[in-house]
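Colleague: The listed protein sequences derive, respectively, from chains A and B. Residue numbering for the first sequence is 1 to 112, as defined by the working numbering. Residue numbering for the second sequence is 1001 to 1112, as defined by the working numbering.
Among the hints, erroneous ones may be present.
[As the list claims (entries may be wrong)] Quick list of in silico lysine to any residue cross-link-like pairs, SDA-like style, CA-CA up to 20 Å:
no., chain 1, residue 1, chain 2, residue 2
1, A, LYS68, A, THR95
2, A, LYS68, B, TYR1098
3, B, LYS1057, B, MET1027
4, A, LYS56, B, TYR1098
5, A, LYS99, B, THR1110
Derived from the structure by calculation, the hints contain no laboratory data. These numbers come from a predicted model, not from an experiment.
In case you want the letters, here they are:
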Amino acid sequence: GDSVTQMEGPVTLSEEAFLTINCTYTATGYPSLFWYVQYPGEGLQLLLKATKADDKGSNKGFEATYRKETTSFHLEKGSVQVSDSAVYFCALRATGGFKTIFGAGTRLFVKA
Amino acid sequence: NAGVTQTPKFQVLKTGQSMTLQCAQDMNHNSMYWYRQDPGMGLRLIYYSASEGTTDKGEVPNGYNVSRLNKREFSLRLESAAPSQTSVYFCASSEEGYYGYTFGSGTRLTVV
């Protein structure tokens, strides 16, 4: 079945450092791919998405590119801030499907 | 504000008690979902409703029942709570296709 694997955390960075959180997936067909962010005590929020190969999703300085050849959707940000500290979830939704499969989440700590 | 509203935010139950978690969305979405979030396990789908009048089991449905009362509301019922059901429960809604989910802020449930 479909699955999502993302790097284990926690990831600890200093402010203004470069961020990469790796995400790979297994799916038949051409799923849509998502990154969600969860701040402490809150629900998940959609951060960005990509719906086909080579699409780049971007939002709030975060980017991720849908790489079908490597089945990956890595999240990047050039310069993190303390306010980016949160848990990040990679997810996929099968074409025409109702359900979304989530990765286990990666916790990010950013130090001032 | 448009979105997904969950009640209650916190609840403590004794083993064997029953309760219903309420969820309502005002975005006219067809699909609604119930997930549970446990440390180290990401989000696991309990039940979902692709459209008004339909419900389907997800990954971990045992011990739960759901009702899609109308297009706006989707409730989750625990008939006889067990300590293993201690978790944070999230409701979400979505349109079909490649859209992401909108999540509620969650219900933190403790069963003692």
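Colleague: Hey, A:LYS68 versus B:TYR1098, does the alpha-carbon distance stay inside 20 Å?
Modeller: holds, 16 Å
Colleague: Holds or violated: are the alpha carbons of A:LYS56 and B:TYR1098 at most 20 Å from each other?
Modeller: holds, 15 Å
Colleague: Do the alpha carbons of B:LYS1057 and B:MET1027 lie within 20 Å of each other, as the hint requires?
Modeller: With a Cα-Cα distance of about 23 Å, the restraint between B:LYS1057 and B:MET1027 is violated, given a limit of 20 Å.
Colleague: Between A:LYS68 and A:THR95, does the CA-CA distance stay at or below 20 Å?
Modeller: With Cα atoms ~14 Å apart, A:LYS68 and A:THR95 stay inside 20 Å; holds.
Colleague: Are the Cα positions of A:LYS99 and B:THR1110 separated by 20 Å at most?
Modeller: Not satisfied, since the Cα-Cα distance of roughly 27 Å exceeds 20 Å.
Hint check: violations occur at hints 3, 5; the rest are consistent with the structure.
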